[in-house]
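S.K.: One letter stands for each residue in the lines below.
There are 4 protein chains.
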Amino acid sequence: MCGVFGIFNSKTPAEDTFYGLYSLQHRGQEAAGIVVADYNKAKKKTLFKQHKGMGLVSEVFREETIFETLGGYAAIGHNRYSTTGSSKSTNNIQPFSLTYRSGSLAIAHNGNLTNSRALRRELTELGVIFQASSDTEIIPHLAARSREKEPLHQIYDALRQVQGAYSMVILANNQMIAARDPYGFRPLALGKKIDPLTGELSYIVASETCAFDIIQAEYIRDIEPGEILLIDHLAVTNENPTSIYLPPSKRKARCIFEYVYFARPDSFIFKHSVDKVRRNLGKNLARESTIEQQPEKKEITVVSVPDSSNTAALGFVRESNKLNKPARFEHGLIRNHYVGRTFIQPGIHSRDIKVRSKYNIVRGVLTERPIILIDDSIVRGTTAKMLIKLIREADPEAIHLHISSPPITNPCFYGMDFPTKRQLLTHMFETTGNEEEEIEKIREYIGVDSLKYLSMQGLLNSVPSFENETCSYCTACFSGDYPIQVNEATTDKEEND
Amino acid sequence: MCGVFGIFNSKTPAEDTFYGLYSLQHRGQEAAGIVVADYNKAKKKTLFKQHKGMGLVSEVFREETIFETLGGYAAIGHNRYSTTGSSKSTNNIQPFSLTYRSGSLAIAHNGNLTNSRALRRELTELGVIFQASSDTEIIPHLAARSREKEPLHQIYDALRQVQGAYSMVILANNQMIAARDPYGFRPLALGKKIDPLTGELSYIVASETCAFDIIQAEYIRDIEPGEILLIDHLAVTNENPTSIYLPPSKRKARCIFEYVYFARPDSFIFKHSVDKVRRNLGKNLARESTIEQQPEKKEITVVSVPDSSNTAALGFVRESNKLNKPARFEHGLIRNHYVGRTFIQPGIHSRDIKVRSKYNIVRGVLTERPIILIDDSIVRGTTAKMLIKLIREADPEAIHLHISSPPITNPCFYGMDFPTKRQLLTHMFETTGNEEEEIEKIREYIGVDSLKYLSMQGLLNSVPSFENETCSYCTACFSGDYPIQVNEATTDKEEND
Amino acid sequence: MCGVFGIFNSKTPAEDTFYGLYSLQHRGQEAAGIVVADYNKAKKKTLFKQHKGMGLVSEVFREETIFETLGGYAAIGHNRYSTTGSSKSTNNIQPFSLTYRSGSLAIAHNGNLTNSRALRRELTELGVIFQASSDTEIIPHLAARSREKEPLHQIYDALRQVQGAYSMVILANNQMIAARDPYGFRPLALGKKIDPLTGELSYIVASETCAFDIIQAEYIRDIEPGEILLIDHLAVTNENPTSIYLPPSKRKARCIFEYVYFARPDSFIFKHSVDKVRRNLGKNLARESTIEQQPEKKEITVVSVPDSSNTAALGFVRESNKLNKPARFEHGLIRNHYVGRTFIQPGIHSRDIKVRSKYNIVRGVLTERPIILIDDSIVRGTTAKMLIKLIREADPEAIHLHISSPPITNPCFYGMDFPTKRQLLTHMFETTGNEEEEIEKIREYIGVDSLKYLSMQGLLNSVPSFENETCSYCTACFSGDYPIQVNEATTDKEEND
Amino acid sequence: MCGVFGIFNSKTPAEDTFYGLYSLQHRGQEAAGIVVADYNKAKKKTLFKQHKGMGLVSEVFREETIFETLGGYAAIGHNRYSTTGSSKSTNNIQPFSLTYRSGSLAIAHNGNLTNSRALRRELTELGVIFQASSDTEIIPHLAARSREKEPLHQIYDALRQVQGAYSMVILANNQMIAARDPYGFRPLALGKKIDPLTGELSYIVASETCAFDIIQAEYIRDIEPGEILLIDHLAVTNENPTSIYLPPSKRKARCIFEYVYFARPDSFIFKHSVDKVRRNLGKNLARESTIEQQPEKKEITVVSVPDSSNTAALGFVRESNKLNKPARFEHGLIRNHYVGRTFIQPGIHSRDIKVRSKYNIVRGVLTERPIILIDDSIVRGTTAKMLIKLIREADPEAIHLHISSPPITNPCFYGMDFPTKRQLLTHMFETTGNEEEEIEKIREYIGVDSLKYLSMQGLLNSVPSFENETCSYCTACFSGDYPIQVNEATTDKEEND
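Order-wise, the sequence lines are chains A, B, C and D. First residue of the first sequence: 1, per my numbering; consecutive thereafter. First residue of the second sequence: 1, per my numbering; consecutive thereafter. First residue of the third sequence: 1, per my numbering; consecutive thereafter. First residue of the fourth sequence: 1, per my numbering; consecutive thereafter.
It cannot be assumed that every hint is accurate.
Identical chains share a label here; the pair holds if one copy fits it or two copies do between them.
[Stated by the list, open to error] Straight-line C-alpha distance at most 27 Å; calculated DSSO-like pairs for lysine-lysine: (1) 325 to 298; (2) 271 to 193; (3) 358 to 452; (4) 297 to 149; (5) 322 to 298; (6) 322 to 297; (7) 452 to 389; (8) 45 to 421; (9) 358 to 192; (10) 389 to 271; (11) 452 to 193; (12) 389 to 358; (13) 297 to 41; (14) 298 to 389.
By construction, these hints were calculated from the structure, which means they are not laboratory data.
Extracted from the complex, chain A is given alone in its bound form:
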């Protein structure tokens, strides 16, 4: 996963992009970069400048002097997710910038192409060289080989050939182009801002609307699945960016896991409030829950794993009480604010120091009480296991782990950085394939008194519905129902963007 951001017609495009990327930091912590388009008077054309590096946005752009060299009128930026292996190379830091037949191009991409292997093979056969290991580089290669003259149509030609998930922002000479795949896997939103002093209009494109909030921009609408949007100075003057559209796909496939875990709760994605969806997840989980207060026993305490499950937990408690199943919300776990990327763990007293450094338990609200612990999902299960061990130190009466999504049973080929099938907790134990048996093994492994996942139906009931769509979401990680066929070769995937 990654975060993308772009702004056109700003006096301070690099600074705006910095704040945008900062607010999208949760989408990728490994690397960050900004490419700025500036009009060079001497050369009478737009030139690109860039700054990129490994680390958090605030680390890569630690020195204010960097911004002095990044003046211009438009910029795009990218946050890269932490992945394993070859991606550690600085070659993979986005935006990629390059020159080609029609001038300069820079691209920031969130997603994963499913036919990248085949396309790479075809392109290399034609003599193309690849300098990074990510899918993204394929797109400018295809665009550069298009017979079209306008970057917009070159990009169109390129995107017609790729399959998979992508939301991207591109600088092409003096234009900004935003595109989203026809399935609409990843979010991408369009915003605008009126400069309070000059009245000048800026257009902004970002993975999530929280990036608009931080720079006080306004959400206009989503970039639609299959849309390729062009923003240039004319579009600013007319207040009317123009779009062309890729051939529609048979269905839509918005990533449902963005709502479950990935997006920030204060964002709107796919046109709807993430916070509201998470609340629904909690409500539906409450409806499905069988844990009830026992007569003569203490009230059930609902604790969330902060901060990602807070909203679901609140929804859970509210619905529970509505259903006459008394439960109280408590902050039983506190998240440490000082955990940073550079946190060392000298001596490693015990294997659980990592969880101990990140979370603290509030004994008073846990001790001798029946606890329902709400978490959004379980991937490998190692953190959950250690967290339960930590909570046990407060000596609760029981720990009932409730997950606000179904079990993750399949890898993602559309950009989410899940491990391979083998590493998923759901495949760790040898079972007869019976689901109940599997969940029992997981319960035992994690060490809780009971384990409850939200049902698939509960999940689907929680997310917004879209009119005139037979299918709106990709639920492949939970259901194995992959919207785009993925051939075998691709399944031992290594890289996501």
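Since chain A is already given, all that's left is putting chains B, C and D on it; use the hints.
M.R.: Below, chains B, C and D without anything else, positioned relative to chain A:
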């Protein structure tokens, strides 16, 4: 304010102290240091080693190689609070270590002495030189001039001469000494840990019990007001540290603001759970609140300023509902996890980017609703003002700001880093001295629809009571009732530790 | 200018390359990188790993842990020269590594192509994208489009199409390839090393032989102009790397400025000792010098600008004395060892602090004496001017500046980072074109009593001659005689490698 | 060893001190610090500000923003030598700054006290605490206990009690004081500078005159042995600093090793040019040398270990030729400019990589020639041994090592950081005490064909003589003749400043 930590008889004292300081990071972010006591076989005596620096614990001890040079059997550590002016000097980073008549001494100190000016004057008249500007240095000077032979009694002699607030941990050759002033202003707790492999016993002293939790140590008891505790190898063998006591003060004066804001909610201080006290503050605030749901209007939404006011807000909601004043708790503000000390703000789009970078609003739970915003206290009011402006963007029906403590009207001379009287929000406006009028001015300045502070009685009802004590808490910042007379000279205080 | 290094069949290729680059640091201080070839057992093929960054070799590879991730059996490395403008981008740090039709390729290049603009144009028309601004990227593009199957022949195909100066080392899957342009502009040498423990043979390629010395390798011979050398495991077994050859050029064009200034004196380049050539330059300068001791005056003192002109100065003095023109060599200027890349100059007391921070004068050997100051060349003249001002403080009787090469009158299009024609000191003054007049203007500007350049004939007499070659050297910067025609478009050159 | 610098009445005292320390960097590379005196208008008195850190001057003051906080009218600075053990602590970085009875004091000290143990013992008995392990801290303690009112007389009182070597600069409120011990062990010079714009006079004090040169100040005279000089605003107005004098010592004891190795050749110390003395050392070494060109053999080549022995080698060659012993000076060793403090040595191919990274050999001038290698001194012999091994790779006919000083046979108790007696090369071999036998053992160990040390008489003939002094130099390291009795306890010295 500062955090102190000490451990005696550990195989990894520097690592333990690192984790202890890490968990006490909220008590001081400006600087950190560790002094280790190691037995030098060649010299047949204990020698001290140290590492200190400006910044967070994880920044000062960023490289694991540091720990390779810090082997030993005991260690003390210190987190320094960010203060203004001369304290920026590296000379002020604690623990202070020194040699004197009886050998080596290192000291880590949390508190503020009220007779430091007089003592400094007396000592300098006697030819003493001071290398730092903090109060702390006075104590080893006094100890070094004592006629006693044992460090424990030298420290006793020194502490009899100082007045004010202090909780401290000292390494004196092969002994560790912990001391707390007779008023008991600042917390200090004693813990122990049995090594799971060797069965060896370690004693630990820390400002808050959260430092015990992270290294899986156990809370034994508080260091009592006026207690000077000696831990050496004999104490370990006998499982019995010994204590001597300073002459008792007329009253006790535990800092009530530690409960209101400063301490971590998962800690026990002054023998009681901080979380529980904060919940009481919320409950009492609910009892005093006059904001009620209006007929035909939306339910009142209670939002806390995360994370410090979360618990009070929960207590508020629960009590409110008990009193049949319906209110719902919501996460209307989200705290950004990536705000670090090194956060730059290029371009400064607007004055509120700082608040915008730290908090996000969740529009859905705020829009068109009457909001009760719970915060623990207001010092200068600038952050509160900008936060309200941010929340206004979600267009709530009304914002009722409820503070879970009374107005801060007086500076602290016992270690809390409040500004001078003049800079306190309560003294910013010219009034006739009428309290209602003052609060109205503050309400207007901050820009809320109503402003409610917890009453002093409400505050006192929320904190634990101690038997046989006429007065247990220092409430000077709220009441002006200073437990220790502070002469004029000291009142234009510059330095706290 | 840049430095290149490669080693094949070593247990520690990254470490060897580090030392090699370290010894070639004078050839480029802006950036450094290493790419390692390692056999991956799981994937049963050679994979590349890399580390690159801006700064000195010792800065980029500051942490030893970097080397832990760079195990393998072969490696190439590159030092990049400090240039202006777009090259600051990390995109331009070499070696470039990439994947293409035939697998993996990495390239480290020293030189400058003269038909790069035309080739870029042609390639981009064909749909090629360029990610860096340097010439180097052209070569892998050409190789990737070759119909040949073997990397060696692909490289051959590529190099047949490029014109200009290049010495390069390439990793192509499990092979190392070294190539030098048919004119032989830049040096490139082949060496070998027998591991003292295992008896294993390593082959090494480097810009200068000083890189062999530091790792105790042995110089075998030069890579010949036009030679493309292949080293693989078979070549190691047979102790016989194989070569193919590019079509010969009409003449050779070894860069004479490498001997004058650029190469390290302890290196052998173009098969001959740099030290010896510099000594010859000094001798010939002495023969041409007209400065002689005046009767009844003090002996002439010869001072060199350390360290680059030391050898020439020694040669000058020796020859001078042979010719019965008494002169004594003195260390009148001392070079400061602590000047680093990160040297700041707060306050800037005066414009000459930079020269003052780098050189100190030894008054005793300068005062009241006639000085002959030997420097290797003058480019812009600013440093020389300030250095003379500094020497004047010692109050010498006279300063006669002798330059051990002719005036630089033309830009270099083959890799030397000279400024444009306009910025050269020789073109700064309006003259009638009369050379004597020009030199007088320069003398006046720099502020010396007399100024003497070595004649072109003196220069040519100083360098080694090669049998059967009509022309062996490129002297374009001094003579304007460009071995390869450079079309107008290229002359406003921006980039060198 | 250390370097000290002070400037009074400057508009840019911190910047001036930065450049002064930069030019004195050779006197200490471990740590650096600057203390500035600034007049605070609000408090109506001079306050001190400081910045200190571990590393080179250019590392400690890497950021220009540091200087923005260091405005004032006077400053002192200190370079600390790299020593072993406890000195690594930041507590030991000078200048020490402190407050005491009479105000503020800051001190920068070069030297070593011989009665520090006794004084520390006495002071600690009186209740004094020591925060650093260096001698320097003793002086302010003694000053603070003086009954005098004026800092100048307090310092006088303090210095009357200490014995040993010291040259120091002190800031005392609004005065600067410079002092040198009665023996005059360490150099200390007085300079002045007229601001070219304002005509304002600044006074400067520095360890060596090279610190005057860099800021274009002028050398006035030495601070005399036993002199305590006071510079304040009155002294500036009158152009007349005033002095008081310590009781004279029986003899003088200027450190002769400063001339041999330590000081910079372009400095004047003890009123004389270091370069000139080094040249004399070379001349006298030539007179004593028995190596002569053999008939029918190649001319003898004289090579110096750069840069410290360059001047001696030149003197040697000139004298040799005068004496009709033909010899030619050559740059046979080149010193690498890129060796920095942070140089890592991954992999450590061989034990001599350190010497290989620092020096390169120029084969052409060494091969098959008889070499006289000039070095200034041998301490432990490890570097010399490896350097010889490196030179042997060029296959010289013979290597005759000539040392321009006598064998070091005794430790220094006056500030030079020699190892203990046991670690000196001269004590490494068991001999009958016969000097010839000892030198033969050393020759064999280092691996040279012959080894020649300058005689003591040769040394004494090389240094300037002072009128009316029976004894002017300390030669203890060569002769064991210690000017100040050192009691046994002190002899296992640990710390120098």
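S.K.: Against each hint, give a clear statement of whether it holds in the structure.
M.R.: Each hint tested on the structure:
no.: 1; hint: 325 to 298; result: both (13 Å within a copy, 24 Å between copies)
no.: 2; hint: 271 to 193; result: within (19 Å within a copy, 53 Å between copies)
no.: 3; hint: 358 to 452; result: within (24 Å within a copy, 34 Å between copies)
no.: 4; hint: 297 to 149; result: neither (74 Å within a copy, 59 Å between copies)
no.: 5; hint: 322 to 298; result: both (19 Å within a copy, 17 Å between copies)
no.: 6; hint: 322 to 297; result: both (20 Å within a copy, 20 Å between copies)
no.: 7; hint: 452 to 389; result: within (18 Å within a copy, 41 Å between copies)
no.: 8; hint: 45 to 421; result: between (50 Å within a copy, 25 Å between copies)
no.: 9; hint: 358 to 192; result: between (37 Å within a copy, 22 Å between copies)
no.: 10; hint: 389 to 271; result: between (39 Å within a copy, 25 Å between copies)
no.: 11; hint: 452 to 193; result: neither (45 Å within a copy, 36 Å between copies)
no.: 12; hint: 389 to 358; result: within (14 Å within a copy, 31 Å between copies)
no.: 13; hint: 297 to 41; result: neither (77 Å within a copy, 60 Å between copies)
no.: 14; hint: 298 to 389; result: within (22 Å within a copy, 41 Å between copies)
Of the hints listed earlier, those the structure fails to meet are numbers 4, 11 and 13, in rising order.
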